[in-house]
Amino acid sequence: MRENKIRNERKSEIMDYAMKLFAESGYENTTIEHIAEGLDMDVELCYKYFESK
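If you're matching positions, the sequence shown starts at 1 in the UniProt record's numbering and goes up one per residue.
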């Protein structure tokens, strides 16, 4: 149960930050690398939560 909550929180964190970058730089100019870097996480971890941008 707790693992699901943590997973959902992390997924929301990634989504929120991605939306911020999309608003600032545009969808086409934002990469998964930008998102991961801004959250101080590995790109592979982002892909664990989302299959693509």
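Please note that the accuracy of each hint is not assured.
Said to hold, decoys possible - Derived PhoX-like pairs (lysine-lysine); straight-line CA-CA distance at most 20 angstroms: (1) 48 <-> 5; (2) 20 <-> 53; (3) 48 <-> 11; (4) 11 <-> 53.
Since the hints were made in silico from the structure, they are not lab data.
Hints versus structure:
no. : hint      : result
1   : 48 <-> 5  : holds, 16 angstroms
2   : 20 <-> 53 : holds, 13 angstroms
3   : 48 <-> 11 : holds, 10 angstroms
4   : 11 <-> 53 : holds, 13 angstroms
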